[in-house]
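As they're listed, the protein sequences go chains R and Y. Just so you know, we're using the working numbering here: the first sequence kicks off at 1 and counts up by one. Just so you know, we're using the working numbering here: the second sequence kicks off at 1 and counts up by one.
Warning: the hint list may mix true and false statements.
Below, a list of computed lysine-lysine pairs in the DSBU-like style, where the Cα atoms sit at most 30 angstroms apart [to be verified]:
(1) R/56 x Y/101
(2) Y/71 x Y/101
(3) Y/78 x R/52
(4) R/60 x Y/101
(5) Y/101 x Y/78
(6) Y/62 x Y/11
(7) Y/101 x R/77
(8) Y/16 x Y/62
(9) Y/62 x Y/78
(10) R/108 x R/56
(11) Y/15 x Y/101
(12) R/56 x R/68
(13) R/68 x Y/62
(14) Y/78 x Y/16
(15) R/60 x R/108
Hints in this document: simulated from the structure, not taken from any laboratory. Please read all numbers here as calculations on a predicted model, not as lab measurements.
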Amino acid sequence: GDSVTQMEGPVTLSEEACLTINCTYTATGYPSLFWYVQYPGEGLQLLLKATKADDKGSNKGFEATYRKETTSFHLEKGSVQVSDSAVYFCALGYNDMRFGAGTRLTVKP
Amino acid sequence: EAGVVQSPRYKIIEKKQPVAFWCNPISGHNTLYWYRQNLGQGPELLIRYENEEAVDDSQLPKDRFSAERLKGVDSTLKIQPAELGDSAVYLCASTGGMGEKLFFGSGTQLSVL
């Protein structure tokens, strides 16, 4: 069945460092791809999405491009902030949403 | 507008006891999901409803878990009897259309002792 695989964490970075969290997917069709974020003490919320190949989703300085040729949807940010500390989940789906295991990011001042 | 509402927020029970979780999705959202999230892992789909119909319950352990969504609005997830391994956060989510983002509730954290 459809699934996503995320890079294992945790990831610890200094403020203003570059971030990449890898995500690859397996799907029989052409699902939408998502990144969700869970801040400490809060519920899951959508960070960004892409609905078809070559689409780029972006929000809050984060970006991810739907790469059909490499079946990837890596999350990137050029300069992270302490407030970006959270758990990030890659997900795919159209009818059913499937989530990766999550990557915990800690940004230190 | 209210988001997805779940209750209770926390539940502590002894093994073999029954437990139920309640979810009220966003108004107008026909699709409702129940997920289970174990500590340090991503949410795992248990069941998906389209209105009052369960269209994907392949991951629901049917020997002890049951769910219903009467009238296609609120939903209840039940475990009877609970086992130690059922300790997790149970999340409810809803969406207004296929391929659209999910709106999640705060979850119910279940501890089975």
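Against the structure, the hints:
1. For the proposed pair residue 56 of chain R and residue 101 of chain Y, the alpha carbon gap of about 16 angstroms is at most 30 angstroms, so the pair holds.
2. A distance of roughly 23 angstroms separates the Cα atoms of residue 71 of chain Y and residue 101 of chain Y; the hinted pair therefore holds under the 30 angstroms criterion.
3. A distance of roughly 37 angstroms separates the Cα atoms of residue 78 of chain Y and residue 52 of chain R; the hinted pair therefore is violated under the 30 angstroms criterion.
4. Between residue 60 of chain R and residue 101 of chain Y the alpha-carbon distance is near 17 angstroms, which keeps this suggested pair within the 30 angstroms criterion.
5. Taking the CA atoms of residue 101 of chain Y and residue 78 of chain Y, the gap is about 26 angstroms. The hint holds against a cut of 30 angstroms.
6. Proposed proximity of residue 62 of chain Y and residue 11 of chain Y is supported: the alpha carbons are some 21 angstroms apart, at most 30 angstroms.
7. A hinted pair counts as satisfied when its Cα atoms are at most 30 angstroms apart, and residue 101 of chain Y with residue 77 of chain R qualifies at roughly 21 angstroms.
8. In summary, the hint linking residue 16 of chain Y to residue 62 of chain Y is supported, as the alpha carbons are separated by about 16 angstroms, within the 30 angstroms threshold.
9. As the CA atoms of residue 62 of chain Y and residue 78 of chain Y are separated by approximately 10 angstroms, the hinted pair is consistent with the 30 angstroms bound.
10. Between residue 108 of chain R and residue 56 of chain R, the direct Cα distance comes to roughly 28 angstroms. Compliance with the 30 angstroms bound is thereby established for this hinted pair.
11. At roughly 35 angstroms between alpha-carbon atoms, residue 15 of chain Y and residue 101 of chain Y are farther apart than 30 angstroms, so this suggested pair is violated.
12. This hinted pair checks out: residue 56 of chain R and residue 68 of chain R have alpha carbons roughly 12 angstroms apart, not beyond 30 angstroms.
13. Between residue 68 of chain R and residue 62 of chain Y the CA atoms are separated by roughly 36 angstroms; this puts the pair beyond 30 angstroms, and the hint is violated.
14. Restraint check for residue 78 of chain Y and residue 16 of chain Y: satisfied, since their Cα atoms lie roughly 13 angstroms apart, inside the 30 angstroms limit.
15. In summary, the hint linking residue 60 of chain R to residue 108 of chain R is supported, as the alpha carbons are separated by about 18 angstroms, within the 30 angstroms threshold.
Violated hints, listed in ascending order, are 3, 11, 13; each of the other numbered hints is respected by the structure.
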